[in-house]
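Let's have the full structure, built from the sequences with the hints guiding it.
Number of protein chains: 4
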Amino acid sequence: MKSQDSLVVLKEAMQSFAKERDWDQFHSPKNLSMALAGEAAELLDCFRWLTEAESSKLDANQFQAVEEELADVLLFTVRLADKLNIDLLSAAQAKIAKNGMNYPVEKVKGSSKKYTEYK
Amino acid sequence: MKSQDSLVVLKEAMQSFAKERDWDQFHSPKNLSMALAGEAAELLDCFRWLTEAESSKLDANQFQAVEEELADVLLFTVRLADKLNIDLLSAAQAKIAKNGMNYPVEKVKGSSKKYTEYK
Amino acid sequence: MKSQDSLVVLKEAMQSFAKERDWDQFHSPKNLSMALAGEAAELLDCFRWLTEAESSKLDANQFQAVEEELADVLLFTVRLADKLNIDLLSAAQAKIAKNGMNYPVEKVKGSSKKYTEYK
Amino acid sequence: MKSQDSLVVLKEAMQSFAKERDWDQFHSPKNLSMALAGEAAELLDCFRWLTEAESSKLDANQFQAVEEELADVLLFTVRLADKLNIDLLSAAQAKIAKNGMNYPVEKVKGSSKKYTEYK
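As given, the protein sequences belong to chains A, B, C and D, one line each in that order.
If you're matching positions, the first sequence starts at 1 in this note's numbering and goes up one per residue.
If you're matching positions, the second sequence starts at 1 in this note's numbering and goes up one per residue.
If you're matching positions, the third sequence starts at 1 in this note's numbering and goes up one per residue.
If you're matching positions, the fourth sequence starts at 1 in this note's numbering and goes up one per residue.
Incorrect hints may appear among the rest.
Label pairs and their calculated CB-CB ranges [as the list claims (entries may be wrong)]: (1) B:A60 / C:Q64: 39 to 47 Å; (2) C:Q64 / A:Q25: 22 to 30 Å; (3) C:G100 / A:E20: 48 to 56 Å; (4) A:T51 / C:N85: 17 to 25 Å; (5) A:N102 / B:K113: 38 to 46 Å; (6) A:S112 / B:Q64: 22 to 30 Å; (7) C:D59 / D:K107: 29 to 37 Å; (8) A:T51 / B:N61: 37 to 45 Å.
Distance condition first, Cα-Cα at most 27 Å in a straight line; then the derived DSSO-like pairs of lysine-lysine [to be verified]: (9) B:K95 / A:K11; (10) B:K57 / A:K98; (11) A:K83 / B:K95; (12) A:K113 / C:K95; (13) C:K19 / C:K83; (14) D:K11 / C:K57; (15) D:K57 / A:K109; (16) D:K83 / B:K113; (17) A:K107 / B:K11; (18) A:K11 / A:K95; (19) B:K19 / A:K57; (20) A:K95 / B:K19; (21) C:K113 / D:K19; (22) C:K98 / A:K113; (23) C:K109 / D:K83; (24) B:K57 / C:K113; (25) B:K95 / B:K11.
By construction, these hints were calculated from the structure, which means they are not laboratory data.
All C-beta atoms in this analysis are idealised placements derived from N, C-alpha and C, irrespective of residue type, glycine included.
Quick look at the structure:
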């Protein structure tokens, strides 16, 4: 059943949340992009002084902080997409396909160079 | 069928994408948090000089740019969650519940004040 | 006297601060870029639900928050530049000159379009 | 002479730049915070797939990119401060003093824990 898809469930939950609080008035795409970027940056704070190795082995407090920030990022992503009538699954699949063309396996295997450096 | 859920579909697509290119070595949680925040900030660029009203009425070029950046944000969110074994749907639902307690309807209706200002 | 220039004063203050705490070990350019972006995003939090007009008329609490976040941004900017031996004043003046060529007055006056749209 | 201080030189250069282009209308503090965070995030892009060690040994192309992004961050920092009549040097020095109290040498030496973990 379509409505049980994760992204649909979250979209509807966010709609209810905003409606109950009369917050639609604040949820312009511009404002939501700021909220999203703000939450994404809080993730940076979780990792900024950890080594890469440490970032894979979080303790319970660190893990909970990351989990909550990542949840906020997803919620604002879903909310912003909803406000602009963007189908997130289709958009994400189309972007993977585009990335696949920009980073062809035979050229980038094992390398992290940005694709503009290959052209 | 569980594996048709959007978030599962995207998780598996990102796993394949990285595996084909031997990119797992670059995908530490620390690095992924940087990629995620970088993509979220590119959304800001789409909106920075628009008014709130304009941000709801994007032209075709603007819309495509926003759609692609939002897709990138979702893809890195999914990828980072996968690397840390975070169940995004559960995490997001738990966060909505927590937000509901921090922003009780009767206190915040129609107001955008941060919840710390209510305490 | 050169050493009284603001950027030099702050560079030296940050050097002392890190040295006293033995924090140089954490201040790789990669980590500092995360700290800088994290602080810049905290500024977004100050403004995300304000209208543009409101953002020009902050109350005392809001003003203090913005002042502190902006200070953090400047401090990490100075610190990152120092670690990479970048002369911030020269770099900023060169960038203004470059921006001037990308956004010639006669083409962009009164318009906020990104310069790539003019080409 | 006060007007030769780096931060004053850059403030005045940014004022002229905006005035010539009639861009003051776009430079609300809200919009400038988005521009600043956007530029700070472009720095992340320079470093996201580099190791910490690599981030200290940039090649010429990488160095130029970092230098330009860092310049943009400084320019928008100066511009936002100007719009809100914030004295950046005073604000930064006050913040260093505050940070010094939050991170007393005897408690944090050699450790990167966030100060809230000490309390």
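Verification of the supplied hints:
For the hinted restraint 39 to 47 Å between A60 (chain B) and Q64 (chain C), the CB-CB distance of approximately 43 Å keeps it satisfied. Remark: the range hint 22 to 30 Å for Q64 (chain C) to Q25 (chain A) is upheld by a beta-carbon distance near 27 Å. Between G100 (chain C) and E20 (chain A) the beta carbon distance is about 50 Å. The supplied range of 48 to 56 Å therefore holds. For the pair T51 (chain A) and N85 (chain C), the supplied restraint of 17 to 25 Å holds, since their beta-carbon distance comes to about 24 Å.
For N102 (chain A) paired with K113 (chain B), a C-beta distance near 43 Å keeps the hint of 38 to 46 Å intact. For S112 (chain A) paired with Q64 (chain B), a C-beta distance near 26 Å keeps the hint of 22 to 30 Å intact. Here the CB-CB span from D59 (chain C) to K107 (chain D) is close to 34 Å, well matched to the stated 29 to 37 Å. Distance hint for T51 (chain A) and N61 (chain B): a CB-CB separation of about 41 Å, consistent with the stated range 37 to 45 Å.
Restraint check for K95 (chain B) and K11 (chain A): the C-alpha separation of about 14 Å stays at or below 27 Å, so the hint holds. For the hint pairing K57 (chain B) with K98 (chain A), the CA-to-CA distance comes to about 25 Å; that is within 27 Å, so the pair holds. Annotation: proposed proximity of K83 (chain A) to K95 (chain B) holds, straight-line Cα distance about 20 Å (limit 27 Å). Note on K113 (chain A) and K95 (chain C): the hinted pairing holds, with a Cα-Cα distance of about 25 Å set against a maximum of 27 Å.
Pair hint K19 (chain C) plus K83 (chain C) holds up; C-alpha atoms about 13 Å apart against a cutoff of 27 Å. Restraint check for K11 (chain D) and K57 (chain C): satisfied, since their Cα atoms lie roughly 21 Å apart, inside the 27 Å limit. Restraint check for K57 (chain D) and K109 (chain A): satisfied, since their Cα atoms lie roughly 23 Å apart, inside the 27 Å limit. Simply put, K83 (chain D) and K113 (chain B) have alpha-carbon atoms about 23 Å apart, close enough for the 27 Å limit, and the pair holds.
A threshold of 27 Å between alpha carbons decides the hint, and for K107 (chain A) with K11 (chain B) the separation of about 23 Å falls inside it, so the pair holds. Using a Cα cut-off of 27 Å, the hinted pair K11 (chain A) and K95 (chain A) holds, with the two alpha carbons roughly 21 Å apart. Note on K19 (chain B) and K57 (chain A): the hinted pairing holds, with a Cα-Cα distance of about 21 Å set against a maximum of 27 Å. Taking the CA atoms of K95 (chain A) and K19 (chain B), the gap is about 17 Å. The hint holds against a cut of 27 Å.
For the suggested pair K113 (chain C) and K19 (chain D), the alpha carbons sit about 16 Å apart, so the restraint of at most 27 Å is met. About 26 Å separates the Cα atoms of K98 (chain C) and K113 (chain A), which keeps this hinted pair within 27 Å; it holds. A threshold of 27 Å between alpha carbons decides the hint, and for K109 (chain C) with K83 (chain D) the separation of about 20 Å falls inside it, so the pair holds. Straight-line distance between C-alpha atoms of K57 (chain B) and K113 (chain C) comes to about 16 Å, which keeps the hinted pair within the 27 Å bound.
Simply put, K95 (chain B) and K11 (chain B) have alpha-carbon atoms about 21 Å apart, close enough for the 27 Å limit, and the pair holds.
The earlier numbered hints are all upheld by this structure, with none contradicted.
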